[in-house]
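Peer 1: These are the residues of each chain, in order.
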Amino acid sequence: MQPTKEKLLWMYEKMVEIRDYEETMANVYMEGKLPPNIQKGLAFDIGSGPVPGEMHLAAGQEPVAVGTCAHLGKEDTVVGTHRPHHFAIAKGVPLDTMTAEMFGKAAGLGKGKGGHMHLFDPEHKFSCSGIIGASLPPACGAGLAAKKMGKNWVAVAFFGEGAANQGSFHESLNLAALWHLPVIFICEDNKWAISVPKSEATSVAWVADRASAYGIPGIKVAHNDATEVYQAVGPAVERARRGEGPTLIEVKTDRYLGHFQGDPEVYRPKDEVAELRKADPIGKLAGDLKGRSMMTDDEEKAIVTRAKKRVADAFDFARKSAYPAARDALNDVFVAA
Amino acid sequence: MIEITLPDDVWQDVEPGTEALVEKWLVGEGDTVRAGQPIAEVVIVKAHQEIVAPADGRIEKIQVKADETFGKGRPLALLSE
Amino acid sequence: MTATRKLTMAQAIAEGIAQEMERDPKVFVMGEDIGKYGGIFGATGGLLDKFGKDRIMDTPISETAFIGAATGAAAAGMRPIVELMFVDFFGVCMDQIYNHLAKNIYMAGGNIKLPVVLTTAIGGGYNDAAQHSQCLYATFAHMPGIKVVVPSNAYDAKGLMIQAIRDDNPVMFMYHKGIMGLPWMAYFEGSSNDVPQESYTIPFGQAKVVREGRDVTIVTLSQMVHKALLAADELARQGVNAEVIDLRTLVPLDRNAVLKSVAKTGRLLIADEDYLGFGMTGEISAIVAENLDSLSLKAPVRRLAVPNVPIPYSRPLEQFVIPQVKGIVEAAQQLAKARVGERMVA
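Protein chains in written order, with this note's numbering: chain A, 6 to 342; chain B, 35 to 115; chain C, 404 to 749.
With the rest of the complex left out, here is chain A (with noise of 0.2 angstroms):
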């Protein structure tokens, strides 16, 4: 299934938006949490600035996210990680509402009471969870619910490496499988759970192959490609439409900034992140595109101006929306009855 010249700028231009995304989150979340201006004794304070708390950025990982997206429809679901960014980007949910939630605004998506970890946006059927392993349950839902109602919407869930040794894991896969449901398992193995790498952890050295447990097709990218991520997802989206169950893919990536930005990362080999941006799937499909005559560099370069200004306007909103009034933190523990 080879991708359009339409899907392949699509994704591209998606690229480019969430890795300017990512990379100008990494330098607001800093503001105001070094020293000289904070706490007497610390050396980095979490709880401050604009954007406080902790802060899990996606950059190297945008294939999995557009390549997978590149496939569904509004009204298909995606339930995303810890890591929501570029899996929020290019599922379509606004920027602007987006990065309010994250600055802990009231006009962010959950009124800044979710936060980074926690954005819901049901219009785009989008959610995440900071909890390794809870999104494969709740797709199974959204699969379920397609069936219930004579759909053929499909549900993705993205998990990491790690999320592949947690419970909700196997018990998704069995439960979708038997059930038949609807429902596309994307791994992203970025090879680091925190601090443990993959193989310190996992008993196979593909998730992918923990398919066949389950009786399920399992189906391994090796490369931290676009295209290649896009070519591994479409027939399993088509799978399920057709009601012939659940799939599980497995796509290698790579994390270029820490588990949580501040992370020391003193388990890391110290030249991995250099070599790993050598191969950096944004540059890869910019050159394939203008190989291929499908973009100019012109074109390119309106791709990129267009992009940075949606991420620029979407910080300038954040920043200048109000916070909640305080008492508010009482209400929407439940809806009205």
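Simulated from the structure, these hints should not be mistaken for laboratory data. Hints may be right or wrong, so weigh each one.
As the list claims (entries may be wrong) - Within a straight-line C-alpha distance of at most 20 angstroms, the following computed EDC-like cross-link-like pairs (lysine to aspartate or glutamate) qualify:
1. B:K80 with A:E28
2. C:K439 with B:E84
3. A:K289 with A:D303
4. B:K80 with C:E592
5. C:K439 with A:E28
6. A:K45 with B:E102
7. C:K409 with B:E102
8. A:K45 with B:D101
9. C:K453 with B:E84
10. A:K283 with A:D25
11. B:K80 with A:E36
12. A:K10 with A:E28
13. C:K453 with B:E75
14. C:K409 with B:D101
15. B:K99 with B:E57
16. B:K99 with C:D597
17. B:K80 with B:D43
18. C:K456 with A:D214
Model the placement of chains B and C on the given structure of chain A, informed by the hints.
Peer 2: Okay, now just chains B and C, sitting in the frame of chain A:
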């Protein structure tokens, strides 16, 4: 007199103006140290770094105390050979 | 008098574990990122270098398996310390904790020992939102069979940790991230204090009067102890003399320390970072209410805790739901002026 600093290459990926923190001194003023001996522990953003004595000698003065922060290039201590 | 030096609570915990590991080869540690990383919150800092990967074991993200394995290993004669990275993650492994680790000794009529220490990070205040900021000690105290230890400072943490490791029963050791003394999170400085180099224990079920007073009793634990002490300083400037009690352990609970103090002051404020409803503050209030035949209250009990809402991310919202020094001061001031039988205006 040798000025002991946190080497420049450690500051590479850090925003200009950011400071690092002295967590702990392992030696005191007047102590004799050997080249390569760890003398202090510092933290920059979240990474722990060890400061080692650049040569044999005596710590004459500690210029940045524990729990204080310092910028790039600032001498943490003075070592007389 | 043995040598002491100032340690952070994280260092004190790691030192307690190290000393017990040196003493007893059956002690070992399992958990996520506890090896090279030293624990996400520093509780196992330096241990991998000292003891190696056979005794400091990084695990996959498989809490049910490795926490259940701790129970099994303990039953077979080992003394495991196992870390649940954030207490909020208990959901994925709670069966192994509350149905097995907590109940097996009882169901076996006391014929087995389960010397497991389950360490975990608790607490918010740095904007980590609903799934990474909870305290939940009341949840674990509520279900029978597991001891619950919640230190507020380095000195207590080391003594309580050594006590926990030597205890033949399951102990949940809950350390608040905001008092570990990490160089990357704002912390209350009173939590880093002088810790003896030698090994020592602190018995469970002994609260500490960290500040004596006459007018008002503040019962609390963990990071809230430091907020209460700051509040007490402010209250003293206003002529209200507060007594602050650090519970240190919830199971077993030092009921007598609470009753003794309330008998003296007649005014009780309970300050808690866990949820208000069905929790620690309710338990302490009930204990006092049950003893009104031997002590009297001059004012109704006041409780400060996180209202029953998920902890919000945004800074003004989080600051509103987690009790702050200012809130403790105000509540204690009102308490000092109130009378039993008169309505207090909130």
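Peer 1: So, for every hint listed, does it hold in this structure?
Peer 2: Verification of the supplied hints:
For the proposed pair K80 (chain B) and E28 (chain A), the alpha carbon gap of about 19 angstroms is at most 20 angstroms, so the pair holds. Between K439 (chain C) and E84 (chain B) the CA atoms are separated by roughly 16 angstroms; this keeps the pair inside 20 angstroms, and the hint holds. A distance of roughly 17 angstroms separates the Cα atoms of K289 (chain A) and D303 (chain A); the hinted pair therefore holds under the 20 angstroms criterion. The suggested pairing of K80 (chain B) with E592 (chain C) holds, with an alpha-carbon distance near 19 angstroms, which does not exceed 20 angstroms.
Only pairs whose Cα atoms come within 20 angstroms are accepted, and K439 (chain C) paired with E28 (chain A) is rejected, the gap being roughly 28 angstroms. Taking the CA atoms of K45 (chain A) and E102 (chain B), the gap is near 7 angstroms; set against the 20 angstroms cutoff, the hint holds. A threshold of 20 angstroms between alpha carbons decides the hint, and for K409 (chain C) with E102 (chain B) the separation of about 16 angstroms falls inside it, so the pair holds. For the given pair, K45 (chain A) sits about 7 angstroms from D101 (chain B) by alpha-carbon distance, which is consistent with the 20 angstroms threshold.
This hinted pair checks out: K453 (chain C) and E84 (chain B) have alpha carbons roughly 18 angstroms apart, not beyond 20 angstroms. Of the supplied pair hints, the one linking K283 (chain A) and D25 (chain A) holds, its CA atoms being roughly 17 angstroms apart against a limit of 20 angstroms. With a C-alpha separation of about 15 angstroms, the suggested pairing of K80 (chain B) with E36 (chain A) holds against the 20 angstroms cut-off. With a CA separation close to 27 angstroms, the supplied pair K10 (chain A) and E28 (chain A) exceeds the 20 angstroms bound.
For the suggested pair K453 (chain C) and E75 (chain B), the alpha carbons sit about 18 angstroms apart, so the restraint of at most 20 angstroms is met. Only pairs whose Cα atoms come within 20 angstroms are accepted, and K409 (chain C) paired with D101 (chain B) is accepted, the gap being roughly 13 angstroms. Taking the CA atoms of K99 (chain B) and E57 (chain B), the gap is near 9 angstroms; set against the 20 angstroms cutoff, the hint holds. Taking the CA atoms of K99 (chain B) and D597 (chain C), the gap is about 19 angstroms. The hint holds against a cut of 20 angstroms.
Using a Cα cut-off of 20 angstroms, the hinted pair K80 (chain B) and D43 (chain B) holds, with the two alpha carbons roughly 16 angstroms apart. Proximity of K456 (chain C) to D214 (chain A) is assessed by CA-CA distance (about 28 angstroms); at most 20 angstroms being required, the pair is judged violated.
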